[in-house]
Amino acid sequence: MQASPSNSLECLELRPRSGVVAQIVVLLHGYGRNAALMRKMAGEVAARLPQALILMPHAPEAYETPESSEGNVLSVPQQLRGEDAEEGADGLRRQWFSIDAATLEDMRQKTMQAAGRVNEFLTQALAENGLSESDAALMGFSQGGAVALYAAYYRPVPVRCVAGHSTLFMGGDHMPSKPPTLYIYGLDDEEFSRQRFESGVRQLRAQIPNLTVEAVAGLRHTTNMQSRHIVADYIARHFNQTP
1 MQASPSNSLE
11 CLELRPRSGV
21 VAQIVVLLHG
31 YGRNAALMRK
41 MAGEVAARLP
51 QALILMPHAP
61 EAYETPESSE
71 GNVLSVPQQL
81 RGEDAEEGAD
91 GLRRQWFSID
101 AATLEDMRQK
111 TMQAAGRVNE
121 FLTQALAENG
131 LSESDAALMG
141 FSQGGAVALY
151 AAYYRPVPVR
161 CVAGHSTLFM
171 GGDHMPSKPP
181 TLYIYGLDDE
191 EFSRQRFESG
201 VRQLRAQIPN
211 LTVEAVAGLR
221 HTTNMQSRHI
231 VADYIARHFN
241 QTP
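One point on numbering: in my numbering, the residue at position 33 of the sequence shown is 33, and numbering is uninterrupted.
Each hint should be verified, as a subset may be incorrect.
With a straight-line Cα cutoff of 30 angstroms, these simulated DSBU-like cross-link-like pairs (lysine-lysine) come out [claimed, not checked]:
1. K178 to K110
2. K178 to K40
3. K40 to K110
It should be emphasised that the hints constitute simulated quantities derived from the structure, not laboratory data.
Make a model of the complete structure from these sequences and hints.
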(Lines of atoms letter the chains of each structure in order from A and count residues from 1; the text may use other names and numbers.)
(Lines give C-alpha, C1' and ligand atoms only; values in the text may rest on other atoms or scores of the structure.)
Protein backbone atom coordinates (compact mmCIF):
# COMPACT_ATOMS: atom_id res chain seq x y z
CA MET A 1 0.00 0.00 0.00
CA GLN A 2 1.51 3.32 -0.96
CA ALA A 3 0.49 6.93 -1.34
CA SER A 4 0.44 8.24 -4.87
CA PRO A 5 -0.47 11.60 -6.42
CA SER A 6 -1.80 9.55 -9.35
CA ASN A 7 -3.71 11.46 -12.02
CA SER A 8 -5.81 14.40 -10.79
CA LEU A 9 -6.48 13.19 -7.23
CA GLU A 10 -4.05 12.24 -4.49
CA CYS A 11 -4.68 8.62 -3.61
CA LEU A 12 -3.60 5.46 -1.90
CA GLU A 13 -3.09 2.46 -4.11
CA LEU A 14 -2.74 -1.28 -3.74
CA ARG A 15 -0.87 -2.75 -6.70
CA PRO A 16 -0.76 -6.38 -7.88
CA ARG A 17 2.26 -8.22 -6.54
CA SER A 18 2.95 -9.55 -10.03
CA GLY A 19 3.14 -6.04 -11.43
CA VAL A 20 0.62 -6.98 -14.13
CA VAL A 21 -2.52 -4.85 -14.01
CA ALA A 22 -5.59 -6.52 -15.52
CA GLN A 23 -8.31 -4.53 -13.76
CA ILE A 24 -8.75 -1.21 -11.99
CA VAL A 25 -11.05 -0.86 -8.99
CA VAL A 26 -11.69 2.62 -7.58
CA LEU A 27 -12.88 2.86 -3.96
CA LEU A 28 -14.32 6.15 -2.69
CA HIS A 29 -14.49 7.02 1.01
CA GLY A 30 -17.26 8.81 2.87
CA TYR A 31 -17.81 12.38 4.02
CA GLY A 32 -15.35 13.75 6.57
CA ARG A 33 -13.01 10.78 6.24
CA ASN A 34 -10.19 9.84 3.87
CA ALA A 35 -8.89 7.07 1.66
CA ALA A 36 -7.34 5.16 4.57
CA LEU A 37 -10.85 4.14 5.58
CA MET A 38 -11.07 2.00 2.42
CA ARG A 39 -8.05 -0.19 3.19
CA LYS A 40 -10.09 -3.09 4.57
CA MET A 41 -12.30 -3.07 1.50
CA ALA A 42 -9.21 -2.93 -0.71
CA GLY A 43 -7.80 -6.00 1.02
CA GLU A 44 -10.96 -7.98 0.36
CA VAL A 45 -11.00 -6.99 -3.31
CA ALA A 46 -7.29 -7.77 -3.74
CA ALA A 47 -7.76 -11.22 -2.22
CA ARG A 48 -10.27 -12.02 -4.96
CA LEU A 49 -8.68 -10.11 -7.85
CA PRO A 50 -4.88 -10.47 -7.51
CA GLN A 51 -4.26 -8.60 -10.78
CA ALA A 52 -6.35 -5.57 -9.84
CA LEU A 53 -4.88 -2.13 -9.29
CA ILE A 54 -6.95 -0.72 -6.45
CA LEU A 55 -7.07 3.07 -6.28
CA MET A 56 -8.38 4.87 -3.20
CA PRO A 57 -8.42 8.61 -3.90
CA HIS A 58 -8.73 11.24 -1.22
CA ALA A 59 -11.70 13.51 -1.86
CA PRO A 60 -10.46 16.81 -3.30
CA GLU A 61 -11.97 19.20 -0.75
CA ALA A 62 -10.99 19.86 2.85
CA TYR A 63 -13.75 18.89 5.27
CA GLU A 64 -16.04 21.75 6.26
CA THR A 65 -18.58 21.60 9.06
CA PRO A 66 -21.77 23.43 8.04
CA GLU A 67 -22.62 26.33 10.35
CA SER A 68 -26.12 24.91 10.64
CA SER A 69 -27.94 21.83 9.39
CA GLU A 70 -31.28 23.64 9.47
CA GLY A 71 -32.89 23.58 6.05
CA ASN A 72 -30.31 21.20 4.58
CA VAL A 73 -31.12 17.85 3.02
CA LEU A 74 -28.40 16.16 5.08
CA SER A 75 -26.91 16.80 8.50
CA VAL A 76 -23.41 16.22 9.86
CA PRO A 77 -23.03 12.49 10.62
CA GLN A 78 -23.26 11.57 14.29
CA GLN A 79 -19.76 10.08 14.15
CA LEU A 80 -18.30 13.49 13.21
CA ARG A 81 -20.18 15.70 15.63
CA GLY A 82 -17.93 17.18 18.27
CA GLU A 83 -14.78 15.74 16.70
CA ASP A 84 -11.76 17.85 15.93
CA ALA A 85 -11.63 18.40 12.18
CA GLU A 86 -7.95 17.48 12.22
CA GLU A 87 -8.55 14.12 13.84
CA GLY A 88 -9.35 10.86 12.09
CA ALA A 89 -7.42 8.24 10.19
CA ASP A 90 -4.02 9.64 9.20
CA GLY A 91 -5.12 13.07 10.51
CA LEU A 92 -6.85 14.03 7.28
CA ARG A 93 -10.48 15.00 6.82
CA ARG A 94 -11.88 15.34 3.30
CA GLN A 95 -15.19 15.71 1.51
CA TRP A 96 -16.32 15.14 -2.06
CA PHE A 97 -18.58 18.16 -1.74
CA SER A 98 -20.19 20.34 0.92
CA ILE A 99 -23.44 18.97 2.34
CA ASP A 100 -24.80 22.52 2.58
CA ALA A 101 -27.70 22.00 0.16
CA ALA A 102 -31.37 22.84 0.61
CA THR A 103 -32.84 20.45 -1.97
CA LEU A 104 -32.14 17.01 -3.40
CA GLU A 105 -31.54 18.64 -6.77
CA ASP A 106 -28.84 20.86 -5.23
CA MET A 107 -27.27 17.77 -3.71
CA ARG A 108 -27.47 15.85 -6.98
CA GLN A 109 -25.73 18.65 -8.88
CA LYS A 110 -22.90 18.70 -6.34
CA THR A 111 -22.65 14.92 -6.57
CA MET A 112 -22.44 15.03 -10.35
CA GLN A 113 -19.67 17.63 -10.24
CA ALA A 114 -17.64 15.37 -7.96
CA ALA A 115 -18.46 12.41 -10.21
CA GLY A 116 -17.00 14.28 -13.16
CA ARG A 117 -13.73 14.68 -11.26
CA VAL A 118 -13.67 10.95 -10.47
CA ASN A 119 -14.35 10.11 -14.11
CA GLU A 120 -11.37 12.19 -15.21
CA PHE A 121 -9.28 10.32 -12.65
CA LEU A 122 -10.50 6.92 -13.87
CA THR A 123 -10.11 7.78 -17.55
CA GLN A 124 -6.47 8.72 -17.03
CA ALA A 125 -5.79 5.61 -14.93
CA LEU A 126 -7.25 3.40 -17.67
CA ALA A 127 -5.16 5.12 -20.34
CA GLU A 128 -1.97 4.80 -18.28
CA ASN A 129 -2.53 1.06 -17.95
CA GLY A 130 -3.80 0.34 -21.46
CA LEU A 131 -7.21 -0.76 -20.19
CA SER A 132 -10.83 -0.02 -21.11
CA GLU A 133 -14.07 0.56 -19.21
CA SER A 134 -14.83 -3.16 -19.16
CA ASP A 135 -11.69 -3.54 -17.03
CA ALA A 136 -12.89 -1.05 -14.39
CA ALA A 137 -15.21 -1.06 -11.40
CA LEU A 138 -16.28 1.70 -9.03
CA MET A 139 -17.34 1.41 -5.40
CA GLY A 140 -18.03 3.99 -2.74
CA PHE A 141 -19.29 4.38 0.80
CA SER A 142 -21.85 7.00 1.92
CA GLN A 143 -21.01 10.29 0.16
CA GLY A 144 -18.43 8.41 -1.87
CA GLY A 145 -21.08 5.86 -2.77
CA ALA A 146 -23.28 8.51 -4.36
CA VAL A 147 -20.29 9.84 -6.28
CA ALA A 148 -19.43 6.31 -7.47
CA LEU A 149 -22.97 5.67 -8.74
CA TYR A 150 -23.22 8.95 -10.64
CA ALA A 151 -19.71 8.58 -12.04
CA ALA A 152 -20.62 5.15 -13.40
CA TYR A 153 -23.97 6.23 -14.82
CA TYR A 154 -22.62 9.30 -16.59
CA ARG A 155 -19.64 7.70 -18.33
CA PRO A 156 -20.18 7.37 -22.09
CA VAL A 157 -19.15 3.69 -21.95
CA PRO A 158 -20.21 1.47 -19.03
CA VAL A 159 -17.71 0.19 -16.49
CA ARG A 160 -17.83 -3.49 -15.55
CA CYS A 161 -19.91 -2.80 -12.42
CA VAL A 162 -20.52 -0.29 -9.63
CA ALA A 163 -21.36 -0.65 -5.94
CA GLY A 164 -22.93 1.95 -3.66
CA HIS A 165 -22.65 1.19 0.08
CA SER A 166 -24.84 3.03 2.63
CA THR A 167 -25.61 5.84 0.22
CA LEU A 168 -28.45 7.74 -1.37
CA PHE A 169 -29.51 7.73 -5.00
CA MET A 170 -31.29 10.91 -6.02
CA GLY A 171 -32.44 9.95 -9.49
CA GLY A 172 -31.13 11.12 -12.82
CA ASP A 173 -32.11 11.85 -16.40
CA HIS A 174 -30.55 10.65 -19.64
CA MET A 175 -27.96 8.43 -17.97
CA PRO A 176 -25.77 7.14 -20.83
CA SER A 177 -24.48 4.08 -18.94
CA LYS A 178 -26.34 1.55 -16.83
CA PRO A 179 -23.76 -0.97 -15.61
CA PRO A 180 -24.60 -3.81 -13.20
CA THR A 181 -25.16 -2.19 -9.82
CA LEU A 182 -24.94 -3.35 -6.21
CA TYR A 183 -26.87 -1.21 -3.72
CA ILE A 184 -26.09 -2.25 -0.16
CA TYR A 185 -27.13 -0.71 3.14
CA GLY A 186 -27.54 -1.54 6.81
CA LEU A 187 -30.89 -2.10 8.44
CA ASP A 188 -29.62 -0.34 11.59
CA ASP A 189 -28.13 2.70 9.81
CA GLU A 190 -28.32 5.65 12.20
CA GLU A 191 -27.72 8.32 9.53
CA PHE A 192 -30.21 7.46 6.78
CA SER A 193 -33.69 6.10 7.36
CA ARG A 194 -34.79 2.83 5.81
CA GLN A 195 -37.35 4.85 3.84
CA ARG A 196 -34.56 6.83 2.17
CA PHE A 197 -32.78 3.65 1.15
CA GLU A 198 -36.02 2.13 -0.12
CA SER A 199 -36.66 5.27 -2.16
CA GLY A 200 -33.23 4.86 -3.72
CA VAL A 201 -34.00 1.23 -4.52
CA ARG A 202 -37.24 2.19 -6.28
CA GLN A 203 -35.51 4.81 -8.39
CA LEU A 204 -32.68 2.46 -9.29
CA ARG A 205 -35.07 -0.35 -10.21
CA ALA A 206 -36.82 2.02 -12.61
CA GLN A 207 -33.57 2.70 -14.50
CA ILE A 208 -30.99 -0.04 -13.91
CA PRO A 209 -31.81 -3.41 -15.52
CA ASN A 210 -29.17 -5.37 -13.59
CA LEU A 211 -29.60 -4.29 -9.97
CA THR A 212 -28.69 -6.28 -6.86
CA VAL A 213 -29.94 -5.02 -3.49
CA GLU A 214 -28.52 -6.19 -0.16
CA ALA A 215 -29.94 -5.06 3.19
CA VAL A 216 -27.61 -6.19 5.98
CA ALA A 217 -29.14 -6.91 9.38
CA GLY A 218 -27.41 -5.25 12.33
CA LEU A 219 -25.26 -3.00 10.14
CA ARG A 220 -25.00 0.67 11.14
CA HIS A 221 -23.56 3.50 9.01
CA THR A 222 -20.28 1.74 8.36
CA THR A 223 -18.87 -1.27 6.58
CA ASN A 224 -18.38 -4.57 8.38
CA MET A 225 -16.85 -7.89 7.44
CA GLN A 226 -20.12 -9.17 5.99
CA SER A 227 -20.75 -6.11 3.85
CA ARG A 228 -17.15 -5.98 2.65
CA HIS A 229 -17.38 -9.62 1.61
CA ILE A 230 -20.63 -8.95 -0.25
CA VAL A 231 -19.07 -6.04 -2.15
CA ALA A 232 -15.80 -7.80 -2.96
CA ASP A 233 -17.60 -10.97 -4.08
CA TYR A 234 -19.88 -8.91 -6.31
CA ILE A 235 -17.02 -7.08 -8.01
CA ALA A 236 -14.97 -10.25 -8.47
CA ARG A 237 -17.95 -12.16 -9.85
CA HIS A 238 -18.54 -9.54 -12.52
CA PHE A 239 -14.91 -9.46 -13.56
CA ASN A 240 -14.97 -13.23 -13.90
CA GLN A 241 -17.92 -13.03 -16.30
CA THR A 242 -17.57 -12.40 -20.02
CA PRO A 243 -18.67 -8.82 -20.67
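Verification of the supplied hints:
1. Proximity of K178 to K110 is assessed by CA-CA distance (about 20 angstroms); at most 30 angstroms being required, the pair is judged to hold.
2. As the CA atoms of K178 and K40 are separated by approximately 27 angstroms, the hinted pair is consistent with the 30 angstroms bound.
3. Proposed proximity of K40 and K110 is supported: the alpha carbons are some 28 angstroms apart, at most 30 angstroms.
Hint check: no violations occur; every hint is consistent with the structure.
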